[in-house]
Structure formats: structure tokens, C-alpha cells
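Participant: Got chain A sorted already, so can you dock chain B onto it with the hints?
Same order as they appear, the protein sequences are chains A and B. To get my numbering, take the position in the first sequence, counting from 1, and add 2. To get my numbering, take the position in the second sequence, counting from 1, and add 66.
Do not take every clue at face value.
[Stated by the list, open to error] In silico lysine-lysine, DSBU-like type, Cα no more than 30 Å apart, as pairs:
no., chain 1, residue 1, chain 2, residue 2
1, B, 478, B, 495
2, A, 257, A, 50
3, B, 491, A, 122
4, B, 101, B, 343
5, B, 491, B, 478
6, B, 192, A, 462
7, A, 169, B, 430
8, A, 247, A, 88
9, A, 448, A, 298
10, B, 430, A, 88
11, A, 462, B, 190
12, B, 495, A, 122
13, B, 431, A, 462
14, A, 105, B, 431
15, A, 247, B, 495
16, A, 462, B, 196
17, B, 495, A, 140
[Said to hold, decoys possible] Heads up, incomplete: computed chain A residues facing chain B, CB under 7 Å, no partners named:
no., residue
18, 33
19, 117
20, 172
21, 283
22, 329
23, 481
Everything labelled a hint here was simulated from the structure, so no lab data went into it. The structure displayed is predicted, hence computed values, not measured ones. Think of the CB as a built atom: it goes at the ideal place given N, C-alpha and C, for glycine as much as any other residue.
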Amino acid sequence: MKNTLVGRYSLAAVLMFVFASSFAFGQAADWRQIPIPPLPAFQPVEPKRIELPNGMVIFLQEDHELPLIDGFARIRGGSREEPGAKTGLVDVYGEVWRTGGIKTQTGDQLDDFLEAHAAKVETGGGLDSTSIGLSCLKADFEDVFKVFLDLLRNPEFRPDKLEIAQKGMSDAISRRNDDINEIVGRESAKLGYGTQSPYARVAEYATVAAITRQDLINWHHDHVYPNNIILGLSGDFDPAAMEAKLRQAFGSWAKGPAFKKEEVPISPAKPGYYLVKKEDVNQSAIRMVELGTTRKNGDYYGIQTFNEAFGGGFASRLFSVIRSRLGLAYAVGGGVGTGWDHPGITRLGVGTKSQSTVESIQALYQQIDDLQPHPLTDEEIRRAKDSILNSFIFNFDTPEKVLREKMAYEFYGYPLDFLERYRAGIEKVTNEEVARIPAKYLHKNKMAVLVVGNDTEFDKPLSILGPVTPIDITIPAPPGEGEAKPAKPSNH
Amino acid sequence: MKVPKTPCILALFIVCTLATAQDIASFEKRITVKKLDNGLTVIILERPEAPVFSFYTHVDAGSVQDPLGETGLAHMMEHMAFKGTDRIGTKNYAAEKVALEKVETAYAAYNTERHKRVGGDEQKVKDLEKPWQDAIQEAQQYVIPNQFGEIIEKNGGEGLNAFTDDDETGYHYSMPANRFELWAYLESERFLHPVMREFYKERNVVIEERRMRVDSNPLGRLLEQFTSEAFAAHPYHRPTVGWVSDLNTFSATDAEDFFRQYYVPSNMVLAVVGDIKAAEAVPIIEKYFGRLPSKPKPLEITTAEPPQNSVREVVLHDPSQPVYLEGYHRPDYMSKDDAVYDAIADVMSNGRTSRLYRSLVRDKKIAAASGGFSGLPGNKYPHLFAFYGVPLPGHTPQEMADGIHQEIERLKTQDVSDDELEMVKTRAKASLLRSLADNQGLAMHLGIEMVRYGDWRELFYEVDRIDKVTKADIRRVANQTFVPINRTVGIIETNKPAASPGGAQ
Chain A
3 MKNTLVGRYS LAAVLMFVFA SSFAFGQAAD WRQIPIPPLP AFQPVEPKRI ELPNGMVIFL
63 QEDHELPLID GFARIRGGSR EEPGAKTGLV DVYGEVWRTG GIKTQTGDQL DDFLEAHAAK
123 VETGGGLDST SIGLSCLKAD FEDVFKVFLD LLRNPEFRPD KLEIAQKGMS DAISRRNDDI
183 NEIVGRESAK LGYGTQSPYA RVAEYATVAA ITRQDLINWH HDHVYPNNII LGLSGDFDPA
243 AMEAKLRQAF GSWAKGPAFK KEEVPISPAK PGYYLVKKED VNQSAIRMVE LGTTRKNGDY
303 YGIQTFNEAF GGGFASRLFS VIRSRLGLAY AVGGGVGTGW DHPGITRLGV GTKSQSTVES
363 IQALYQQIDD LQPHPLTDEE IRRAKDSILN SFIFNFDTPE KVLREKMAYE FYGYPLDFLE
423 RYRAGIEKVT NEEVARIPAK YLHKNKMAVL VVGNDTEFDK PLSILGPVTP IDITIPAPPG
483 EGEAKPAKPS NH
Chain B
67 MKVPKTPCIL ALFIVCTLAT AQDIASFEKR ITVKKLDNGL TVIILERPEA PVFSFYTHVD
127 AGSVQDPLGE TGLAHMMEHM AFKGTDRIGT KNYAAEKVAL EKVETAYAAY NTERHKRVGG
187 DEQKVKDLEK PWQDAIQEAQ QYVIPNQFGE IIEKNGGEGL NAFTDDDETG YHYSMPANRF
247 ELWAYLESER FLHPVMREFY KERNVVIEER RMRVDSNPLG RLLEQFTSEA FAAHPYHRPT
307 VGWVSDLNTF SATDAEDFFR QYYVPSNMVL AVVGDIKAAE AVPIIEKYFG RLPSKPKPLE
367 ITTAEPPQNS VREVVLHDPS QPVYLEGYHR PDYMSKDDAV YDAIADVMSN GRTSRLYRSL
427 VRDKKIAAAS GGFSGLPGNK YPHLFAFYGV PLPGHTPQEM ADGIHQEIER LKTQDVSDDE
487 LEMVKTRAKA SLLRSLADNQ GLAMHLGIEM VRYGDWRELF YEVDRIDKVT KADIRRVANQ
547 TFVPINRTVG IIETNKPAAS PGGAQ
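The shape of chain A in the complex, shown without the other chains (with noise of 0.2 Å):
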């Protein structure tokens, strides 16, 4: 692979360019004037798509460049699907898969063998997926390989781990309250996907203590068959080989039902304002939310480039204004949400001192408001996508990059050529198309606006702004303890 890529540039004459024009100019007193050759024909190393008869989909991708492989296998089915009297199943399903070991070794007879190889093969749990991993250095693969196998097939979820992956989610719970940030990420997501949505609920005591070993092995016995996998592998083997290999280890696997999408409830929040009360905070954490779109809607392009001019990097509108220019906060930003396959949240944030909450609030509806009067010029437009088309080499400069994009595709159903597709989507979006994503997205009376902080020390009361309802963030006690949890660690 190294010697194809070594082939399809030429770098060498591409700086001399550089090194002699630089010459011509003598000291480059603008940078303007510095001249930007174009950029080298760079074709990343395409990962091979194989489907196996079950419907087992497998990306190769070679990369010689270490003695390591990795691969990543991603199992349609997440926390989206689970039941809310169950909330966090799949967050411990990722972790008790892995720890419980399998059927003829412990999870911790797993840790010694696979650590004593610097290996891991690793599971964890999303919102739309459930994931298993490995990563080990190629003398290592056979043995490694089985060990995933093994996790795939014959997991056992032995108790003893259950138990711990559930005090784990306890401690996460009980800490829940103890950040801002943590607060207003949670709470804002509640407020744009609706509290009881699959897209914004959270564990509770009682849903964690709800889940039993045998939903587990249910939840497995219900996703993990080869139709329902995307697996990836890459790294220093050599592909007809490995295809073989796979097509070995998985070809005898019986294929299972097709993955049905349920539909997911959203219910957005009324918009409004919303407050958590946090006294021993001297910031506030702001977040304005309302319901976003899919990649898949037209108008994509011309949000990329919108978000990109309007809050994203050290130019936008944003970071120049509340920043560098009000002074008013260290983080700030935000954009028109996008999902793969559900609707993004569009979120404008910023975390300002308690003094000025009312004032950043007012200064994120300014910006807003200014885009009617000053709609982002076409020398904004411009940046905006030069920036994404000029770093666009990022998207694929490893090859571990273009499989995940890859897989990515393949699993929410998405042309394989996306990228490309997106490349020409934003060389092909109009001034006129970006001018029309905040009218269509961004609305200022549609949104949620929600404050962590600490209200006796506000500039203004927030209710100046309209009524304001407060959130109560208390954790429920779990259960069969009492009405308040109490959050002192008991004495032992």
C-alpha cells in the first residue's frame, strides 16, 4: 500500500514550486502572497466491501504501516430500542458482554491473557448500535481473533460482573448533578427530543436495578447475528487471506430476522425558558435547543456551510462576537443540528459568568436577529467553504478514517460515495441556499432555552425575558429507599 501511495503524488516538485517562488518574492511581507500550489492527486486506499451469503458485511482494509490490526464490528440495535422501565440496558449489556466473559474463560481470564499481549478486544453500547472491537499487534491476531469470535458467539454475562456494571451506573447517576456542563448537556437534549424520547432519557436507580442477566442474554440473542453486523478490519494482513479467514469463521452462521427500525417518539419541549438552580456555580452553562434535521434533507450542504460562518471555528459570528469581542465567555458556539438518521438538535450555547446570564442570552438573540438585517456575506460564505473544502484532506488521510466513514455509510444506509457527494455538495451550494438556512432553521421563538447556574446572582432575573419554569434536577431514590436520596456516603 505504501509503495501505491508513494506513487500517486509528487511532492518533491510540488515544494520546489514552493521553494522558488518563495524566492521570487524575497521576504513574504503578506500572506497573501504566498503562493498555494495545488494539492497533490491524493486517491485514499479504498477498504474492500465483502457480503457474506448470511448478510454479514465486511470492510478490509489494508494499512502496512505497523505490525498492528484493528477491527471494529458494529451491530444494529441500541439504547434508542430499549424499554424505559429498563433505561440503560444497553450501556450495561456494552460493558457486562466483555467483562462477563465467555462461555469456557471469565472476563478476567480474558483481561490476563488479552493484556499480557497489550491486546483488547472491547464492547460497548450506543444509542443505535452495540459495538465490539480489537486491537493487537499482528503476531497476535489468531489468538486475539478468537477471543472476539468467542464474544460474538458464546458471551456468558456472568452476575458477578452484572453487579458491578450496575454499581457503576449507580455512582454515574448519584454524580450526575455534580457539573454544569453534564447538567446542561442532559437536561437541554430532554428539552429538545422531549424527557421521555429514547434520544434524551437517562438512567434512573430503579431502571438499573430493573435489568436481570437474562436481559442480556436476550438483548444478544436478539441483535448479534451476522445480517445485522458490519464488521471493519484494518491493518498489516494480507486481504485474500483475511477474506478467507472471515468467510471461514462466519460463513456457517445462520442468518437472522431483518433489523426492524422502530419509530421513535420526539416531543421538543413547549419553547420558552428553563431553569436549573446550581448555587455553588459562578458561571452559567446557557443552551437555546430546538428540533434539527437529517444529513439526508437537501438543504445539508448549505447548513454545513451556514454553521461553519455562523458558529463554528475562530471566525465565525459566534466566537467573534460573544468572544473576542464581548468578552463575554471561554466557550461559545453552536449550529443548525444534523442526525443520520433522526433529526439533530440545533443548539447555540454558551457558559458566561453568573453576572452576565441575561446579557449572553440577549447577545446569542442579537446574532440571530442580526442575520435578517446582515445576512452572512458572500466573503463569509467564501471562508466558511474554503474551510471545509480546503481541510476536506482530513476526512481521509488514514486509512482507519476511511473505513470508519465507510462503515458509517453502510450502516445508516448512505451511498458508499458520500464524501464525495459531500465534497461536491459544498463546492456546489449557493450564496443564496446558505442565506436561507436560518429563516429555515433557526428560530428564535421556537427555542428552548435552558440555564444551569446560579440564579441569586444574575443580572437581570431571567423571567425579564418571559415566564420561566424551573426543572427540578433531584435524583429519584432508588428503590425501596426513601422519598430524598440522601447524597452524604453513609459511614461505614
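Facilitator: Just chain B now, kept in the frame of chain A:
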């Protein structure tokens, strides 16, 4: 440059154990080290995997170098390095320069008056604040905000960022390979002609950063007090972000003084990794970075932390959930035992086979997490080896302390097993290998090795040093280090506020 301390035979060992394409010999072929006439050390690694490159500019000054009464200044300077130059970020530099001088004059008058101990006059302070604010307004009209970052972004810069810690300040991003000369211009200009524009607004941004990371974050609150307690003499006791009163006092003039003293080529290292040819890159780097004026390397700080000889403890009664932390003084990274500490950290806390995980999380089921690590708050100077425990609901910081001490005692009195020691060594090699396929990571690593050892090969020798660690080393170092009078404890005890967090309905 220093001669490598490790004998060549170890280098050979590495050659055998690592992949052929990524051994020290392969690096030798692809690395160029060049010291420019002005004293700037440049290291280039050719890695032509894709037409991109990453760089890392290391300035060997961190918050340890903050002058007395000006904590946070090194970090402030890092923010200012994004504000542009006399050509970038200005509509009219000649006029802006005059306006910025007026800001400084007005600020000095205001600052003197408001800090008067005797005879201070509040009205006078207000009267002096206004001309300062007016001068800021006047200077603002010349500013093109964030033009420096904008040029980088629209040219495809990726991961544009910087950091400051106790030991150093670092700048980094990646770029498409065809922007190499543009990058050389931008990165050299930022340190050749920095302009302290929008200083007092950026100071407010930094104070917001402090509120976010420290004041409004329980762990930030704990760490600041813990570190202040652990160090009495050494500047490690001061927070990198700075005390609020210092942040509200220091001036753009102070930042410029700091810049002139520490941002000098002899105190900086530049590392570039990616799709570049050294033969072509070096002349460009010489052309642009060679313009930085040569100055002597600033003096090292000499204050040494005296032996602790006391038990120290900070307990925060805080609304957040409990946390336990303890730290022990250890020597700096140049210590012959540095690798022994690495081995101890690995045995104690790397993954689910680690002793602290197995004892506190798996067996006793009292902690959600527990581990140990070096480098608090930095590692250039003698610092702390710290242990932490995160108690599960219903368990206490004291149980964390007891559980950790039990494992420390084991480390002191019994040898680690053959398997454990082997695991440490295998993992060290694999972890080096895994770090070699990332331009940005490599640039930072190579740059740091050049600064800290004067030799990039230390990237590989570090693994050799771990390979030589013995069971006896681990016991010896544990016995030397982990003793009560060398310990500082930091605890968050949960102190539930009177009102419920949800507040009144």
C-alpha cells in the same frame, strides 16, 4: 546536544522487537534535526502517508515561569498568540499601535490608583477607569477579529489549538501539504510580530475559562487546593490559569515582557511531521523562522521543594459527590527511577488487570474507579505521584484511602509477579508502536523529547528504561516514596446544601 545516555545495544534490541518499518533505524533515515543560527531547534520527520503535515511549537515556559503577582500570564500569552500580528488582524497598524499604547498608559494609571493601600479614592479610580475603557474602544476600531485563525481555517487548518500547563506552552495544528510555506510564514510571524490587541477582553475570556474549569467544577476546585497544599516553595503550588486577582491586574505590557523573555528561539523547539521533504522544508523554515532574533535562553528556576516532613490534607465540604486523592512527592522526569514510577503506575492502574481496579472495584466493590499516575501538576520539576479513588454510593473517601494504602503496602512488602512485570514491559512497547501512526501525536512527542532530553531517540529509549525495571526497583521506590510524611491528601466530602438542587417550584 546531549549524547544519548542509553547504550547502543538497547537500541538494537528495539530494532529487533519492533516492526521493521517503524524502528529507530527507520526514524533515523526519515528524521532531520537542525539547529538554526538563532538557536531554534527544528526536528522534521518525513511521513508521506497522505499529503498533509502537522507541527508542534514548544515554548519551554509554562505557569511555573509566571512572575510573582502575575499568575496566569503564561496561559494569557498563549491566548494572545492567536490575536494576530502587525499585518494580520489590523486595518491600520500604525494607528492601532498608537491606540494600544494609549490603552497601556491609561491602564497603568487606573491600576495604580485602584491598588493604592493608603489614600485610595474611589471616585478617582472611576475617573481613571473611563479613559482606559475609552482607549480600548478606540483601539478596537482597527481590529479585524480573529483574522489569524481565519487564515489558517480557510486554508484547511485542522485541529487549530494550543495549551499551557505548568511546564510549557505548546501550539499545534495540521495543514494540507501545499500550505507548508504559508504555515511557516504564519507560525513565525506570530512569534516575530505579536500584537497585544484586545488584551483586556481576552483576559475576561480567560477568567471565564477559570470559572468553567475551576470555580464551577468540583474536581477543578479540589485539584487547585490540593496542589497549592502539596507545594510550599516550588511554583507548582500556583494554578496555571491564575488567581483571579492576578488575572484582573496584569497588563498587556506584562504579557509583552513575558513574551520577550521566554519566547526566544533558544527556548523553543519546532517539530514537523508529515508529507514534507526535509531538503525542501529546511530552507523554508530557515527563511521564516531564522528571522526570530537570537536571545540567550532564560534562566532556569532554582527554587526546590524542601522535604515535606508533615502530613497535609485539604478537605472540601462541597455539594458534589465524594472523591479521594493523595499525592506523594517524587523526583523529576530526569530521575533514574522515572521508569520505575511508570511501571508502578501501570501495575497499579492500567486497565482491568491492574491492582487498584481488582482490589477496590472488582473485589471490595467500594469504588467506581481507582488509579495512580505521575505528573501532577507537571513533570519537568519534582512533582507528585498521585492515587485516587472514586467511592461508590454509600462508601467513603476513608475507605478509598484504606484500600489504596493496602495496595501500596503490598507493593512495598512483596515483589510484583513475573506476569505483572512482563505485562508492563509488553504494554510499553505496544503503546509506543500504536503512537507512531499519527502526525500530530508524533510531532508533539518528538518535540517534547528534544526539549526534555535533547534527543528524539528518547521516544524509543523510554521503552528500554521500562524494560530494565526490576521487582526490587519497584519495592525500593515504593518504600522511598509512599510514606505518610510525604503525603498530601485531598478529599471532597459531600455537604448537601439546604435547598434541593431543583430549587423551589
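Participant: Checking each numbered hint in turn, tell me which of them this model violates, lowest number first.
Facilitator: Numbers 8, 13, 23, in rising order.
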